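Undergrad: Spelled out, the chains give:
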Amino acid sequence: MPTVESSLHGIMAEFNTPEEVLNAARKASEHGYTRMDAYSPFPVEGLSEAVGFHKTRIPFIVLIAGLFGAVGGFFLQYYAAVIGYPLNVGGRPLNSWPSFIPITFELTVLCAGVTAAVAMIILNGLPMPYHPVFNVPAFERVTRDKFFLCIEAADPKFDQAMTENFLKSLHPAGVSVVEK
Amino acid sequence: METIEHTAVYEQIQPLIAEGHDYGSITDKISSDVLEKKTPKSLFLAFAVTFSLVMLLLFAVVYLLYEGVGIWGIRIPIGWGFAIVNFVWWIGIGHAGTLISAILLLLHQHWRNSINRFAEAMTLFAVACAGMFPLLHLGRPWVFYWIIPMPDTMRLWPNFRSPLVWDVFAVTTYATISFVFWFVGLIPDLATMRDRAKQKWKKIVYGMLAMGWRNSAKHWHRYETAYLLLAGLATPLVVSVHSVVSFDFAVGIVPGWHTTIFPPYFVAGAIYSGFAMVLSLVIPVRKLYHLEDFITTRHLDYMAKVMLATGLIVAYGYAIETFCAFYSGNRFEHDMMINRMFGPYGPFYWMLILFNITLPQLLWLKKFRQTPWLLFVMSIIINIGMWLERFVIIVSSLARDFLPSSWAIFTPTKWDWFTYFGTIGFFLTAMVLFIRLLPMISIFELRTLLPSSSNGKGQHN
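Protein chains in written order, with our numbering: chain A, 11 to 190; chain B, -10 to 450.
Honestly, the hints are just simulated from the structure, not real lab data.
Here the structure is a predicted model, which means the values were calculated and not measured.
Mixed in with the good hints there might be a few duds.
Simulated crosslink set (DSSO-like; lysine-lysine; CA at most 30 Å straight-line) [claimed, not checked]:
#1 B:LYS192 to A:LYS190
#2 B:LYS26 to B:LYS294
#3 B:LYS191 to B:LYS27
#4 A:LYS37 to A:LYS65
#5 B:LYS207 to B:LYS27
#6 A:LYS37 to B:LYS187
#7 A:LYS190 to B:LYS187
#8 B:LYS207 to A:LYS167
#9 B:LYS191 to A:LYS190
#10 B:LYS191 to B:LYS276
#11 A:LYS167 to A:LYS37
#12 B:LYS294 to B:LYS207
#13 B:LYS192 to B:LYS30
#14 A:LYS65 to A:LYS167
#15 B:LYS189 to A:LYS190
#16 B:LYS27 to B:LYS276
#17 B:LYS18 to B:LYS30
#18 B:LYS18 to B:LYS192
#19 B:LYS192 to B:LYS294
#20 A:LYS190 to B:LYS207
#21 B:LYS192 to B:LYS207
#22 A:LYS65 to B:LYS207
#23 B:LYS294 to B:LYS403
#24 B:LYS207 to B:LYS189
#25 B:LYS30 to B:LYS191
#26 A:LYS178 to B:LYS207
#27 A:LYS65 to A:LYS190
Non-contacting residues of chain B with respect to chain A, defined by C-beta distances greater than 10 Å in every case (computed) [claimed, not checked]:
#28 VAL23
#29 TRP209
#30 ALA223
#31 ALA304
#32 TYR316
#33 LEU343
#34 PHE357
#35 ARG436
Glycine residues also receive a C-beta, built at the ideal position from the N, C-alpha and C atoms.
Throw the hints in and build the complete structure from the sequences for me.
TA: Below you can see the structure in the form of C-alpha cells.
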C-alpha cells in the first residue's frame, strides 16, 4: 500500500435515505470492493449483508452460555443439597430435582442474557474511544438523519482518486476523505 | 408480509407518529428535551415532593435497623404484613415494562417503540423498590448474603427446595436482565445524545456511556441479533418471575394460598397493575413534555385494551378461586373464603372487587380509553385495587389460620406506611431523574416507525 494513503482511513459518501445507501453499498460490492462499512441512524434491513457482513457468532455464544448456566445452576443445587449440606426431610430424596428446576431456569436466562449483551459489545469492538470516521464533521448527523457509506483504505481495490470518483457516481449528498 | 398490511390499515386510522415528522425532527425533539429544554418548574416540584418521601424512607429504614421489625404491625400469625404486600405489588408493576419491551417486540407490535424505554426504566425502579422489602423484612438485613450459595465457615448452604430461595434467584435475575435490556436499548441513543450535546462535559459523559457506538451496519447486525435474543430470553423470564413469586404462597399450606391457579393469575395481575402504572406515569409526563406526537391517543387506547384484557383474566382468577374454595369441600378453604368476604377484612375484599373488576369495565367505552384524564383516574384506581388484592390475599389468609385460638388482627403502624410511601417516593424520584437525564423515548426505534424508513422488507422489529 502506498505511503500517501496510509494516513487515510477511507472515503465516505453521504446519503439522505436508507434506499440510497443500500443501493450504493450493493453497487460498491458489485464493483469489487470488499472492505467497507455503512452507517445509518437505525438498523436498515439488508445493509449489513450489502457491505459483506453475513453471519454473527452471537447466537452460538449465547447457546453455550445458556447451557453453562443450566448445567452449572443444577450442579450448584445438587452439590448444596446432596454433598455440601444433606438435609433429610421426612426421608425424601436428597436430589429432589423438581425443586431445582426454577433456579436452573433462572440461571440459564441470567447467563445467556448477560452473555448476549457482553458478546455484542465485545464483538463490536466496544468500548472504542477513538475511531477515524468521527473525524468527518458531517458524520455527527449519522445519529440524526443521514446515511453513510465508507470504503476503507485497507481495501485491495482502493485508490483515492478512483474510489472518490466511483462514490461520486452514486449521486451522494457529499463525499469526504476520512483521515486516520 | 401480514404485519405490514396491518400497519397500513391502522395508519389510515391514526399514525403512530403525528404527521409532519422526519428523522431529524424526532431526534431533535427528544434529545433537546434533555439537553436544551429548561427543566420545567413542575418537575422541580415533583422532585421536591418525591425526594422528601425518599428522606422519609431513609428515616423509616434507619429506625427499623435500630429497633427491629417489631416497629411494623406484623405479629404472629400475620408475619408477612405490608413488607410482602408491597414486594408483590412492586414486582408486579415491573412486569409491564418487560412485557412491552420484550413480548410486544417478538409479536411485532411496533407501537411499543414509543413507550418501551419509559416502561423499562419503570421496571428497573419498581424492581429496586420490590427488592428492598424482603431485605428489610429479614430482620437482620446485614446477613442477607447467607442466602447466596457460597462456601462459608459455617458450612451452611441455602435450602434450594424453598420457594423463598427461588424468589431470590428469580428477582435478582430479573433485575439484572432488565438492566441489561434497558442499557443495550440505550446505547444507540446515548450516541445520539453525544452527537447532539453542545457542552463538552455532556459530550464526554454521554460519549463514555455510548462506548464509541457509531451506527455501523455491522454493529447494527450484531445489535439486533443480541436484542432479539434478549427479548426471547426475557419473555419466559417475566412469566417465571411472578410464577415464582406466586409459589411463595401456592407451595405453602395456608388456606387461600394453596391453589394452582396462582401462577397464571399472578402473572396476569402483574401485567394489569404494570400497565396501570405505565399509564399513571405516561399521561402526566406526555402532557408536561408535549409528547402527544409520539405517544398518541392510539397508544393510550392500546394500553387500556391490554389492561381490560388482563383485568378480565384476573376476574377469572378471582372467580375460580372462590369456586374452588367451595367446591373443594375443604372446611378450611371454605371458611377462609367466607371470612375473606364477610370477615374483619371483608370491606377490603369488596373494595378490591370494585376497583379491579367492576370499575375497569368502563374501559369497554372508547371515551374512557381515549380521554387521558379519565384513563389516568382509572389507572390509579387499578393500582390501588391491585395493592388491595395482595393485602387481602396475604393478610386475610394469615389472620385466620387453622386454630381459632391463634387468630389475630393486623394493624399497620405508621412505620409500615412510612416505608411504603417512602418507596413510592424513591420510585418517582428515580423516574424524575430518568426523564431529566436520559432520552425517555427510544429515538432510534422511533425513527423506524416513519413510513420512509421501510426499505424493501419493512421496519425494524
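Undergrad: When the structure is checked against the list of hints, which entries are broken? Sort them ascending.
TA: 2, 5, 6, 12, 19, 23, 29, 30, 35
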